[in-house]
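Place chain B on chain A using the hints.
Residue numbers (our numbering), protein chains in the order written: chain A, -8 to 247; chain B, -8 to 247.
No wet-lab data here; the hints were simulated from the structure.
Treat the hints with care, as some may be off.
You can't tell identical chains apart in this list, so a pair holds if it fits in one copy or across any two.
[As the list claims (entries may be wrong)] Each computed SDA-like pair below joins lysine to any residue, with the alpha-carbon atoms no more than 25 Å apart: (1) Lys38 with His227; (2) Lys74 with Gln107; (3) Lys140 with Ser222; (4) Lys48 with Gly171; (5) Lys27 with Thr75; (6) Lys27 with Glu200; (7) Lys27 with Ser230; (8) Lys27 with Asp108; (9) Lys27 with Asn202; (10) Lys215 with Thr169; (11) Lys214 with Arg246; (12) Lys96 with Phe221; (13) Lys215 with Gly123; (14) Lys48 with Ile28; (15) Lys27 with Leu179; (16) Lys27 with Glu225; (17) Lys167 with Arg247.
Protein chains: 2
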Amino acid sequence: MRMITELSKSKTSLIRSLSVKKYRQENNLFVAEGYKIISEILNSDYKIKYLIYNETKEIPSASGDFEIIITDESGMKKISNLKTTPGVLAVVEIPIQSIQIQSLKDNLTMVVEDIQDPGNLGTLLRICDWFGIENLICSHHSADVYNPKVIQASMGAFLRINVQYTDLPNFILEYKETTGHSCFGTFLEGENIYTSNLPQSGLFILGNEGNGISVEVEALVDKKIHIPSFSAGEIHAESLNISVAAAIVASEFRRR
Amino acid sequence: MRMITELSKSKTSLIRSLSVKKYRQENNLFVAEGYKIISEILNSDYKIKYLIYNETKEIPSASGDFEIIITDESGMKKISNLKTTPGVLAVVEIPIQSIQIQSLKDNLTMVVEDIQDPGNLGTLLRICDWFGIENLICSHHSADVYNPKVIQASMGAFLRINVQYTDLPNFILEYKETTGHSCFGTFLEGENIYTSNLPQSGLFILGNEGNGISVEVEALVDKKIHIPSFSAGEIHAESLNISVAAAIVASEFRRR
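Only chain A is shown next, with the shape it has when bound in the complex (with noise of 0.2 Å):
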């Protein structure tokens, strides 16, 4: 049976809390926003909690076990981490995702490390889901996958990607020792990935946005692969965007 409430003073101060990472741990729950995002976690199997309308919306038919509330434009305005709110917020529960390691034999995966921006983490999960890699490996100084700023980013991607958060090196070293599969990092230097030998299963690596791959993590890559640079000027961008770089990664190794 579809309850429909209030937005009360409790739940608002709970779904405010939930853009807060701590929050989102202790309570288990992630916001997402917008008519396009939540139909298609309504059409998953990501369980809504709270579907909350702003009263002069229409509301769809959606079915399921969650509480609808109604509220009017200042309550949604005080949920909404949006600039502009689009009228529809869920609550949704966080599902336990764990990857098993053998799961990744004979796939590429990718892996970023210590990942700041949220919008750079949505866009490589939206990377993933074009490119076909099913699986996203973080270390554990990453950007939240359910940070708000992540769901909205990854444009739905987040409910098709398996986002795991490990310690990477060893992670790094099961997953040579269980699959065989070699350890491609990207580098501001090594091999032209334009004419490097690319598998189609494998694990790479990017780095944080402003240092890049760590040196413990670097000394279990197999191979350094690079990007190079065509400007003719000596003076040019010291290095791409992150999401940039994986974009192009994952495109050398899909096209082949």
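Frame of chain A; chain B shown alone:
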């Protein structure tokens, strides 16, 4: 002679107004922030009008025909467009840029139609810089290159790329007639970019974030190209982020 003055109320409001395109155009000025980007400007042909420092920071030995203004943290906060003020801000003259179509011959040129997001435009400038694309042509309704968000996201690349705003259909017609090169457009369908025959010179168009390339411009495209998805699932990302798409297209043109 270097003048060192304080930050007056009128300069504060002038600088604040430069976050709006209308006032940038009226005053022919734009704003850049941060040591790295400003040192690149100092080494370029761009002319700085005011260089504003937080009094607690060290003033580098910048020389040139500009006014140095010293202020405190609260003064910096009033004029800064960034969450964390880096402590140095430059007010820079907008140069006159005009691109002669003849100069685009034997070159690869990027064109954007109605790109909206300043962060995306900044990332496109970085991509041009990396891939040796010297000229970026924008439709009149595209984000403004002197928007502070573009300047910051471009990480200095705006200094090395010629950007021109123009009426796209007229430009494309004249471009094709003058250079004899082809016009490529990125679409969600068309020739697979990985197997497409791409020349070293030509023009490629990226459409608006939501609507893609307009019908009017599409009619002038000689070859439609698309980046195929490698996702195994039926449901996957509907599109790639515009800067991700631009990076892959630039990469494919250049690697051959």
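Against the structure, the hints:
1. In this homomeric assembly, Lys38 and His227 come within 25 Å of each other (Cα to Cα) only across copies, at 20 Å, whereas the closest approach inside a single copy is 47 Å.
2. Taking CA atoms no more than 25 Å apart as the test, Lys74 paired with Gln107 passes in both settings, with 22 Å inside one copy and 16 Å between copies.
3. For a Cα distance limit of 25 Å, the shortest separation of Lys140 from Ser222 across copies, 24 Å, qualifies, whereas the shortest one inside one copy, 33 Å, does not.
4. For the homomeric pair Lys48 and Gly171, neither the shortest alpha-carbon distance inside one copy (54 Å) nor that between copies (52 Å) is at most 25 Å.
5. In this homomeric assembly, Lys27 and Thr75 come within 25 Å of each other (Cα to Cα) only inside a single copy, at 15 Å, whereas the closest approach across copies is 33 Å.
6. Proximity of Lys27 to Glu200 under the C-alpha cut-off of 25 Å is restricted to the inter-copy arrangement: shortest distance 16 Å between copies versus 30 Å within a copy.
7. For the homomeric pair Lys27 and Ser230, the shortest alpha-carbon distance between copies (14 Å) is at most 25 Å, but the shortest distance inside one copy (34 Å) is not.
8. Taking identical chains as interchangeable, the C-alpha atoms of Lys27 and Asp108 lie at most 25 Å apart whether they share a chain (23 Å) or sit on different chains (20 Å).
9. For a Cα distance limit of 25 Å, the shortest separation of Lys27 from Asn202 across copies, 16 Å, qualifies, whereas the shortest one inside one copy, 36 Å, does not.
10. In this assembly of identical chains, the alpha carbons of Lys215 and Thr169 lie at most 25 Å apart only when taken from the same copy (21 Å versus 43 Å across copies).
11. When the C-alpha separation of Lys214 and Arg246 is checked against a cutoff of 25 Å, the pair qualifies both within a copy, at 19 Å, and between copies, at 20 Å.
12. In the homo-oligomer, the alpha carbons of Lys96 and Phe221 lie at most 25 Å apart only across protomers (17 Å), although the nearest pairing inside one protomer, at 35 Å, exceeds that limit.
13. Proximity of Lys215 to Gly123 under the C-alpha cut-off of 25 Å is found in both arrangements, the shortest distances being 22 Å within a copy and 23 Å between copies.
14. Proximity of Lys48 to Ile28 under the C-alpha cut-off of 25 Å is restricted to the intra-copy arrangement: shortest distance 16 Å within a copy versus 45 Å between copies.
15. In the homo-oligomer, the alpha carbons of Lys27 and Leu179 lie at most 25 Å apart only across protomers (19 Å), although the nearest pairing inside one protomer, at 38 Å, exceeds that limit.
16. Taking the shortest Cα distances, Lys27 and Glu225 sit within 25 Å of each other only across copies (17 Å), while inside one copy they are farther apart (45 Å).
17. For a Cα distance limit of 25 Å, the shortest separation of Lys167 from Arg247 inside one copy, 22 Å, qualifies, whereas the shortest one across copies, 32 Å, does not.
In this structure, the one hint that does not hold is number 4.
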